[in-house]
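Visitor: Residue numbers (my numbering), protein chains in the order written: chain A, 2 to 667; chain B, 476 to 650; chain C, 364 to 644; chain D, 3 to 148.
Worth flagging that the hints you see were computed from the coordinates, not collected in a lab. This one's a predicted model, so the numbers in the text were calculated from it and none came from an experiment. Keep in mind that a hint or two might mislead.
[Said to hold, decoys possible] The calculated lysine-lysine pairs, modelled on DSS-like cross-linking and capped at a C-alpha distance of 30 angstroms, are:
id: 1; chain 1: A; residue 1: K529; chain 2: A; residue 2: K439
id: 2; chain 1: C; residue 1: K463; chain 2: B; residue 2: K646
id: 3; chain 1: D; residue 1: K140; chain 2: A; residue 2: K42
id: 4; chain 1: C; residue 1: K543; chain 2: C; residue 2: K501
id: 5; chain 1: B; residue 1: K577; chain 2: C; residue 2: K568
id: 6; chain 1: A; residue 1: K455; chain 2: C; residue 2: K572
id: 7; chain 1: D; residue 1: K39; chain 2: D; residue 2: K117
id: 8; chain 1: C; residue 1: K543; chain 2: A; residue 2: K470
id: 9; chain 1: B; residue 1: K639; chain 2: C; residue 2: K436
id: 10; chain 1: C; residue 1: K416; chain 2: C; residue 2: K505
id: 11; chain 1: B; residue 1: K556; chain 2: B; residue 2: K527
id: 12; chain 1: B; residue 1: K642; chain 2: C; residue 2: K464
id: 13; chain 1: C; residue 1: K505; chain 2: C; residue 2: K609
id: 14; chain 1: B; residue 1: K573; chain 2: C; residue 2: K416
id: 15; chain 1: A; residue 1: K645; chain 2: A; residue 2: K581
id: 16; chain 1: C; residue 1: K436; chain 2: B; residue 2: K625
id: 17; chain 1: C; residue 1: K501; chain 2: B; residue 2: K625
id: 18; chain 1: B; residue 1: K646; chain 2: B; residue 2: K625
id: 19; chain 1: A; residue 1: K470; chain 2: A; residue 2: K351
id: 20; chain 1: C; residue 1: K464; chain 2: B; residue 2: K568
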Amino acid sequence: MARIGVFICHCGENISATVDCAKVSELAAGLPGVVYSTDYKYMCSDPGQSKIKEAIREHNLTGVVVSACSPRMHEPTFRKACAEAGLNPYLCEMANIREHCSWVHEKGDATTQKAFDLTRTLVEKVKNNHPLESIKVPVNKTAIVIGGGVAGIQASLDIANGGHQVILVEKQPSIGGHMSQLSETFPTLDCSQCILTPRMVEVAQHPNITLYTCSEIESMDGFIGNFNVKIRKKAKSVNEKLCTGCGLCTTKCPTKNIPSEFEQGLANRTAIYVPFPQAVPNKPVIDRANCRYFLTGKCKVCQKLCPTGAIDFEQEDEIIDVKAGAIVLATGFEIKNTDFFPEYGYGKYKDVINGLQFERLASASGPTQGAIRRPSDGKTPEKVVFIACAGSRDPAKGIPYCSKICCMYTAKHAMLYKHKVHEGTPYVFYMDIRAAGKNYDEFTRRAIEEDGAKYIRGRVSNIYEKDGKLIVRGADTLLGGKPVEIDADMVVLATAAVSCDGSESLAQKLHVSYDPYKFFAEAHPKLKPVETNTAGIYLAGACQAPKDIPESVAAASGAAAKVICLFSNDELTREPIVAKVNRMPPPIFSTCMGCEMCISICPYQAIDKENITNRNGEVIKTIAKINPGLCQGCGTCVAFCKSKSIDLEGYSNKQVYEEVLALLNN
Amino acid sequence: MNNELDIHIGVNPARCYQCGKCSAGCPLADDMDFTSNVVMRMLQSEDESLDKELLQSQAIWLCASCEMCISRCPMEIDIPKIMDYLRQQSIAKGLQNKSANKNIISFHHSFLDMIRFTGRSYEIGMIADYKLRSRKLLQDLTLAPKMFLKGKLPLFPEMVKDRKNIKRIFKHIDT
Amino acid sequence: MTKLGFYPGCSLEGTAREYNESVMSLATLFDIQLEQVPDWNCCGATAAHNLNKILSLSLPARILAQAEKAGMKEIIVPCAACYSRLSVTQHELFENSELKKQVEEVMDMTLSSPIRILNVVQFIQEFILPHLSEKIVKPFDKEVACYYGCLLVRPHDILQFDRLEDPQTIDRIMEQLGAKPIDWPFKTECCGAGLSVSRTDLVAKLSGKIVKEATERGAKAIITACPMCHANLDMRRSAINSYLAKKYDVPVLYITQAIGMACGLNNKQTGIYRHLVKVNN
Amino acid sequence: MENDFEPKIVAFVCNWCTYAGADLTGTSRIKYSPNVKIIRFPCTGRIDFMLLLKAFSNGADGVIVSGCHPNDCHYTSGNFHARRRWVVFRTLLDFMGIDINRITFTWVSAAEGAKWAEVVNTTASKIKELGPYEAYRKITNEIWES
């Protein structure tokens, strides 16, 4: 016989202001099976929880209903309290009489009645609950980090230094990401490569890190602690084991005019190439789309030259199966190119460049060895216009958000230009200067006050070319919208930071949600900034939203800390809300007919076939079997099952039928 | 006026974040007493005296409705529609800018009056009417004969047959 | 013979007679019959929408209703200003049924469904271009500045014609004629439009910028598709020249005149003799 | 005539989107009709449409089924299955003579507190207009008694 205890919370006045809590308690006391009912100001407080514990012990309760706030808020609290008093936690249910009742209805009998109806519904449900034990799953202590930019590098090193195995997967031939392309970094102006390359080398040499470059995620299944991931390692046409990285092959490659991705098209590379001198791994790859041999079937110059015979034209893509307990997404961002801007010439003016191109121009290792020269004719520009918010904060262009990094790097660009071309004049068109960060505002002020960057508050309407100059038409909104025309030698657009190409399909492979701009979505905007909605998958860096280097590194370390926390357990405890196929005594064994419908619709591939055999090992019947480690408890199989042979713990058919009946029969 | 705009023409001036791209591309910004982003700012202020200043401005009449501003506006604010509304309000409240009233507004009235009576615009008649209104009797004195010689100024107006219908349209808007 | 609805608009009966003449001559040459919208009226131009919203919608709406009554599925509108007014009106009325009802009451006519409104460039692309090469007798072998003006491309959301910045369709048509279109930045800059009479000083300044830029970049002719642009660039040339204190004599041609010239039509057929800035064949 | 009929409406919602959305309606203090009462499921994929019949035969005048928007399902695809089943089931219900106007099938995300209130209010006023669902209850009771 059920012995249910009912506890009505006032939540201060949040509930009691519109619901007569004492009356609900009184009505509940009259329900069949309810042996104890009370109301209290704050059920979640220590004394409130003690009341529940005492009642459980005193009245030998077999079930508890707490009518209070949303179970999404305090279900764990009350279940824990029940467990402490010796009641199985899954015999405790909550009725939501705050968010779904007191807060959304006016004070009155109808509201009190609804609070009671909801309470009664859960009383009927809890009568049909039975004790459940949480599920234990093992944890594979290897992490996969996707993306080898500064965030991926940081996350990999942190996890590896914590003593765990890391598999770092990078799409490009080298790790380093955008940071390796930068010249100097704000607000300290230290050289980007000087601080990054040691980290890159550390990754390459770390005994706990396995690096796969030219690689992408092919597919993923499994769940937290137990992911199975297939990695596609694209053919590099160079045998890494044999290659010594001498670089002889790259010197004689006949195809020399391929715009270098690393140099943002400001310099060319060969078809067999190392993306940049400090690349990790520092071994060349063949770009098959541009290689003469792959295009015409003739050449093989590199193969003839290679002293170790490392060139392998027959190499194929390799699929690598790995198992991991956690995944860190660090795929970073991209920036819009200049061809995104019709009013700035659709990308047809060579001297209108984007911010990354300027970084390459300013970089000592760049195509001009750090001299600021314009791409069209190599002249030193006397006037350079920097345009902030190019594409960002621009709903008309489909990018309403602020790209966050541009204000700072534009100030830096103006500064670097002035440091390198003393007689030059940098103009900056801006809307707002967003320099919130340690030493950030001071930095932008320095650009204006000490380096003489001419800041003009306004957006540029259009740019056109005339007599070798770029005519930039803007307005000074601080002078009443007065039109300003500058005949510049070069224009740098601080183009919007956007999510990477392919982030949508990657998110779908990993079951991670993303925002309308295809940035990956964090689990909670404030409290879970590096977690995703999929347990065991974490976010680092700008794949979640535009971030600067310190923020990316901080997020990466945050994600790594989460992974290390996860790996500190040998096994995980999971909610036992899983589906079960019923079993019967012979000769039926189970009502399951073996139609396999559930197998085909399960989103987690958690259902398998199971043979029931007799003593002689002959198969009598084949039925479905659910792997509780994989099952996430969505219950889709329950609704699909034709013979009603599957039920979901915690939401069983019996439980929900009783809920419906109780809700309707007052 | 800020709220009126949202109700009457569905344009919300609060969307403007004062980037000035409209003024930067406006062909007439140099000649305006208030550039378009300042116009937006005045509307945002919800200050009656600024509203009045705006309705008395020359800028709203100088706007040539070239639509460059909205075509480049990052917030897609229909400034030409706002300008139309401001001009109509300026007339309704009798706050027309004095110098614009002499030329631009007079011309508009001459133009519409011509259509009111003939259904089509007819240059000689219209220009004659405009000269009387604007008292610019000498303007275009050299151009007209040249145009006449080139056959560009027909002496007699082409008229719409169903002038009753045209009158009906004008009658509705007059009331 | 292709039969198409045709709305000339007021200026094609007056100041832009030659535009009308060249359009009609081209139509004859390419075996197209252009049938005028019966008893058409003025679209209201700039004046109407400056002064009264309902009027600015009712006048074009009457034209559309007349076309619909005559069973026209599409109308050719050579004047860019009329094209813009008609397109915007049709868009606004079919987006907003309440407004449509109001306008229908004012003009005592109804509109049942939208019709196709084609500007002159679309007309050329669709009906002339496919047969153009066989008719060219004298290639238009000159550098030209194709000038689109405002109202052919804006408001872009509604018109959806060409691309908003640096449009290309007229350039491509001129290339077909053998011309060399120059790359220049003022294709869609405003000429001063309706301020022509009331503020000639400003028109001289704005149009002057256009004429100067086209000349400096080597154009031997400016190609337009709008009577208002033509009036400001051609008829107002003496005002422009005195504003710039320099004599600019680059002629301004309607695109239909340029095609007509390349196809061997005579001056009377193209009407180029009516220009104030002389056109040398 | 004043309609004083207070319909009984049951809402079957998923835990991750609509339940959380309804929580947000509460936190935002948006008021709505008290006729609707929620039963929580892990996912709309779990919702067996036989439950709807159960609800109608036991006195429900209307039913709301609501889960995550397409592509937002916490369990990846549960809501798609629910939608697919709903499409099939709807024709079946229609064939059985069940008034499908009494069923609202919709999506409310965890961020759409205001939408939840709107869904509840429009459903409640629609059901109010349709009146009590006696017809179905009568049939089921007759079958029961015979």
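Visitor: Is the Cα-Cα distance between K470 (chain A) and K351 (chain A) 30 angstroms or less?
Guide: The given pair, whose Cα atoms are some 11 angstroms apart, holds under the 30 angstroms limit.
Visitor: Holds or violated: are the alpha carbons of K543 (chain C) and K501 (chain C) at most 30 angstroms from each other?
Guide: Between K543 (chain C) and K501 (chain C) the Cα gap is close to 14 angstroms, so the pair holds against 30 angstroms.
Visitor: Taking only the CA atoms, is the gap from K436 (chain C) to K625 (chain B) under or equal to 30 angstroms?
Guide: Roughly 35 angstroms between the alpha carbons, so the hint for K436 (chain C) and K625 (chain B) is violated.
Visitor: Is the hinted pair K505 (chain C) and K609 (chain C) satisfied, with a Cα-Cα distance of at most 30 angstroms?
Guide: Roughly 23 angstroms between the alpha carbons, so the hint for K505 (chain C) and K609 (chain C) holds.
Visitor: Going straight from one Cα to the other, do K573 (chain B) and K416 (chain C) come out at no more than 30 angstroms?
Guide: 23 angstroms, holds
Visitor: Taken at face value, is the distance from the CA of K581 (chain A) to the CA of K645 (chain A) at most 30 angstroms?
Guide: Status holds; Cα separation ~11 angstroms.
Visitor: Hey, K556 (chain B) versus K527 (chain B), does the alpha-carbon distance stay inside 30 angstroms?
Guide: Holds - the C-alpha atoms of K527 (chain B) and K556 (chain B) are around 18 angstroms apart, at most 30 angstroms.
Visitor: Is the straight-line distance between the alpha-carbon of K501 (chain C) and that of K625 (chain B) 30 angstroms or less?
Guide: Between K501 (chain C) and K625 (chain B) the Cα gap is close to 26 angstroms, so the pair holds against 30 angstroms.
Visitor: Next pair to validate is K455 (chain A) with K572 (chain C); report whether the Cα-Cα distance is within 30 angstroms.
Guide: Measuring from Cα to Cα gives roughly 28 angstroms; hence the hint holds.
Visitor: Is K577 (chain B) close enough to K568 (chain C), meaning Cα to Cα at most 30 angstroms?
Guide: 20 angstroms, holds
Visitor: Given the hinted pair K416 (chain C) and K505 (chain C), is their alpha-carbon gap at most 30 angstroms?
Guide: 44 angstroms, violated
Visitor: Between K639 (chain B) and K436 (chain C), does the CA-CA distance stay at or below 30 angstroms?
Guide: Measuring from Cα to Cα gives roughly 26 angstroms; hence the hint holds.
Of the numbered hints stated above, those contradicted by the structure are hints 3, 10, 16, 18, listed in ascending order.
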